[in-house]
Amino acid sequence: MSTLVIKDLHVSIEDKEILKGVNLTLNTNEIHAIMGPNGTGKSTLASAIMGHPKYVVTSGTITLDGEDVLEMEVDERAQAGLFLAMQYPSEIAGVTNADFLRSAINSRREEGDEISIMKFIRELDKKMDFLEMPEEMSQRYLNEGFSGGEKKRNEILQLMMIQPKFAVLDEIDSGLDIDALKVVSKGINEMRGEGFGCLMITHYQRLLNYITPDHVHVMMQGKVVKSGGSELAQRLEAEGYDWIKKELGIEDTDAITEEA
Amino acid sequence: MTVETKLAVSAQDVRSFSEAHNEPQWLTELRERALAKVETLEMVKPDKTNVDSWNFFEFPEHKVEGKAISSLTELPQEVQAIVDENQQNLFIQHNNTAAYLQVSEELKAQGVIVTDLFTAVQEHSDLVQKYFMTEAVEVDEHKLTALHTALVNGGLFIYVPKEVKVEQPIQAVFYTDDENTSLFNHVLLVADQFSEVTYVENYLSIGAAKGQVNIIEEVIVNDGAKVTFGAVDTLAEGFTSYINRRGETKRDASLDWALGLMNDGDTVSENVTHLRGDGSTADAKTVVIGRGKQNQNFTTEVRNWGKSSDGQILTHAVMKDSARAIFNGIGKIEHGATKANAEQESRVLMLSPDARGDANPILLIEEDDVTAGHAASVGRVDPLQIYYLMSRGISRANAERLVIHGFLEPVVSQLPIEGVRKQLVEVIERKVK
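Going line by line, the protein sequences match chains A and B. In terms of UniProt numbering, the first sequence has 30 at position 30, counting the first letter as 1, and numbering is strictly consecutive. In terms of UniProt numbering, the second sequence has 95 at position 95, counting the first letter as 1, and numbering is strictly consecutive.
Check before you lean on any hint, since a few could be wrong.
To be verified - Capping the alpha-carbon separation at 35 angstroms, the derived lysine-lysine pairs in DSBU-like fashion look like this:
no.	chain 1	residue 1	chain 2	residue 2
1	B	Lys37	B	Lys63
2	B	Lys431	A	Lys119
3	B	Lys422	B	Lys210
4	B	Lys108	B	Lys433
5	A	Lys165	A	Lys16
6	B	Lys422	A	Lys151
7	A	Lys127	B	Lys422
8	B	Lys63	B	Lys130
9	B	Lys226	B	Lys307
10	B	Lys63	A	Lys126
11	B	Lys37	A	Lys119
12	B	Lys307	A	Lys119
13	A	Lys151	A	Lys182
14	B	Lys293	B	Lys67
15	A	Lys54	B	Lys431
16	A	Lys182	A	Lys127
17	B	Lys433	A	Lys54
18	B	Lys293	A	Lys54
19	B	Lys431	A	Lys151
20	A	Lys151	A	Lys226
21	B	Lys433	A	Lys165
22	A	Lys151	B	Lys433
23	B	Lys162	B	Lys433
24	B	Lys422	B	Lys165
Claimed, not checked - Residues from chain B that face chain A, not an exhaustive set, calculated with beta carbons under 10 angstroms:
no.	residue
25	Leu384
26	Arg392
27	Ser395
28	Pro410
Unchecked claim - For each label pair, taking beta carbons as the anchor points, the in silico distance ranges come out as:
no.	chain 1	residue 1	chain 2	residue 2	range
29	A	Gln139	B	Ser377	24 to 30 angstroms
30	B	Arg380	A	Asp125	48 to 54 angstroms
31	B	Ser322	A	Glu110	34 to 40 angstroms
These aren't lab readings, by the way, just hints derived from the structure by calculation. Positions of the beta carbon are idealized from the N, C-alpha and C atoms, including for glycine.
Please construct the entire structure, taking both the sequences and the accompanying hints into account.
Here's what the structure looks like:
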């Protein structure tokens with residue numbers, strides 16, 4: 001079992017503090033959902049875990065099985081087992097999806113022990129088939145000209161090919177129609193199990209109709225303010241966030257503007 | 001101001017050279033006339049780079065003999081890597097000597113001519129005379145075109161007759177391995193009406209160089225014909241290069257260029273296509289890597305003369321170290337070219353703070369009923385792209401490599417010969433390291 005521990009995490013962007021002391025512990029074989037109103041720092045948390053160059057951790061710790069994640073470069077975090085499905089994945093012209101994925105897989109293997117092309121293609125075909133992606137998408141340039149839904153599917157394809165210990169899914173459901181949402185959820189559920197932990201960030205409860213979380217957390221004003229089981233998500237869907245604010249005595253101050 | 005031009009060769013040398021090669025009288029006379037003009041003509045004037053002080057005129061030898069070979073296994077490793085033994089149509093020039101020629105029986109039967117320039121002027125004198133420095137490039141444009149005409153010392157002639165479709169690409173390799181070699185090379189490619197051909201060439205130097213490169217290539221695409229032209233230049237630092245690749249397209253003709261311009265020395269490269277015929281099209285793609293202390297100037301121009309003609313320009317360049325380069329992209333729509341379209345995109349990726357790369361897009365439009373557009377940018381590698389790739393476990397160095405290869409992919413993917421494509425990828429790899 002692996003454990004990702006976030007302790008009292010404070011994160012700023014351009015000198016503005018967005019996260020004001022986040023605490024969270026994830027184990028493999030668990031699926032966590034983070035919900036909350038817009039601009040409360042959910043995506044900032046995702047970016048800080050992966051090491052986005054614009055986000056500065058001012059205090060607190062993130063550890064993966066005791067190893068200091070914040071000391072690691074972005075690629076080292078990935079090598080250690082972290083994965084972030086991004087809300088807005090970059091487009092990279094001239095690099096095919098297949099070549100990119102093969103580089104990603106080989107980056108985890110020793111020189112001379114690269115994955116054989118045949119084996120790679122077999123795996124890729126299988127997973128693309130599972131995610132109902134047309135074969136030609138492997139030869140298209142990475143995310144270039146992909147629709148919003150295709151990009152999200154492609155993030156899940158990468159997740160399934162790379163098989164990380166922990167995946168953070170940043171609004172994987174945004175902009176998806178029902179059919180695409182079902183396919184993306186199918187991919188995540190396929191990953192579910194021993195050796196895999198997941199942190200899903202979402203605005204909407206509807207994703208949780210397809211992927212039942214073990215734990216639900218509510219973020220407001222840069223902190224996790226409430227945690228519970230999947231019933232918490234249902235209550236949020238029915239009643240909104242006001243009852244939590246009331247319960248915790250949170251006043252609506254200036255909403256935090258969040259960068260994607 | 002006229003620049004003083006010291007020439008290593010005299011009129012007598014030029015005449016002797018021509019006679020020694022049994023050239024027809026028209027060429028001997030053309031050479032002499034051209035030489036006489038070198039002194040008085042203006043220097044070439046690439047936009048935004050002053051080349052007046054560049055040494056285009058001094059060189060050790062007019063002709064350096066190479067060795068003819070009977071088997072590809074005799075070639076140096078560097079050349080073997082880019083030719084395939086199954087290549088059916090192949091020309092190799094070693095220094096200034098035609099070293100090897102293989103043309104398929106099928107092409108010969110169809111009347112396709114592929115032969116070195118010296119043989120061509122003897123065996124197909126009228127045909128060469130009709131197109132050599134007449135339609136595409138003129139002798140007296142400037143000093144260097146005249147100098148080229150006077151001193152031409154190698155090259156290739158390709159003629160594809162009417163309605164012949166050449167299925168396999170024709171490949172040419174011009175390589176030098178003697179530092180005294182200069183390339184006054186001329187390639188003349190004529191595709192007659194409704195013919196189709198793909199031509200791919202490499203200019204390659206092994207070891208050091210101290211000569212001149214003054215290359216002119218003319219591509220004539222007659223009515224309804226289609227030419228795909230690929231080139232990879234990897235000439236050594238010691239060469240100062242003037243390389244002029246020019247096309248003429250007639251009615252409904254099309255000409256696609258894919259140029260990998262990877263010389264290590266100071267280079268002036270111009271690639272101009274005149275869309276003369278109505279409905280003709282050109283797609284000029286160029287990729288460049290500048291490194292070291294290189295100073296280069298690249299002009300890609302497509303000029304629309306014909307109605308409904310379509311010109312596309314794409315230039316992607318990577319600049320590192322303290323290299324400097326100007327990228328002139330010129331779309332010009334002439335009066336009367338109604339419904340013409342001129343599009344261009346120039347992108348320069350800077351890898352070093354000391355490098356300089358200027359994209360200089362120019363649109364000149366003298367007709368109302370047309371469409372045109374341009375996009376130009378100079379910038380660094382996008383940190384978010386690198387972050388994205390690294391978040392999948394790819395190291396920073398490899399992430400940058402992937403982005404650069406992807407950036408230069410538009411030309412790599414257009415090269416139809418596997419060996420040449422691989423070679424360009426390797427050159428890119430080596431140069432950006």
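Here is what the structure says about each hint:
no., hint, result
1, B/Lys37 / B/Lys63, "21 angstroms, holds"
2, B/Lys431 / A/Lys119, "32 angstroms, holds"
3, B/Lys422 / B/Lys210, "28 angstroms, holds"
4, B/Lys108 / B/Lys433, "44 angstroms, violated"
5, A/Lys165 / A/Lys16, "31 angstroms, holds"
6, B/Lys422 / A/Lys151, "30 angstroms, holds"
7, A/Lys127 / B/Lys422, "30 angstroms, holds"
8, B/Lys63 / B/Lys130, "26 angstroms, holds"
9, B/Lys226 / B/Lys307, "18 angstroms, holds"
10, B/Lys63 / A/Lys126, "60 angstroms, violated"
11, B/Lys37 / A/Lys119, "65 angstroms, violated"
12, B/Lys307 / A/Lys119, "52 angstroms, violated"
13, A/Lys151 / A/Lys182, "15 angstroms, holds"
14, B/Lys293 / B/Lys67, "33 angstroms, holds"
15, A/Lys54 / B/Lys431, "30 angstroms, holds"
16, A/Lys182 / A/Lys127, "15 angstroms, holds"
17, B/Lys433 / A/Lys54, "27 angstroms, holds"
18, B/Lys293 / A/Lys54, "34 angstroms, holds"
19, B/Lys431 / A/Lys151, "33 angstroms, holds"
20, A/Lys151 / A/Lys226, "31 angstroms, holds"
21, B/Lys433 / A/Lys165, "33 angstroms, holds"
22, A/Lys151 / B/Lys433, "31 angstroms, holds"
23, B/Lys162 / B/Lys433, "46 angstroms, violated"
24, B/Lys422 / B/Lys165, "26 angstroms, holds"
25, Leu384, "5 angstroms, holds"
26, Arg392, "4 angstroms, holds"
27, Ser395, "5 angstroms, holds"
28, Pro410, "7 angstroms, holds"
29, A/Gln139 / B/Ser377: 24 to 30 angstroms, "26 angstroms, holds"
30, B/Arg380 / A/Asp125: 48 to 54 angstroms, "37 angstroms, violated"
31, B/Ser322 / A/Glu110: 34 to 40 angstroms, "37 angstroms, holds"
The structure shown violates the earlier hints numbered 4, 10, 11, 12, 23, 30.
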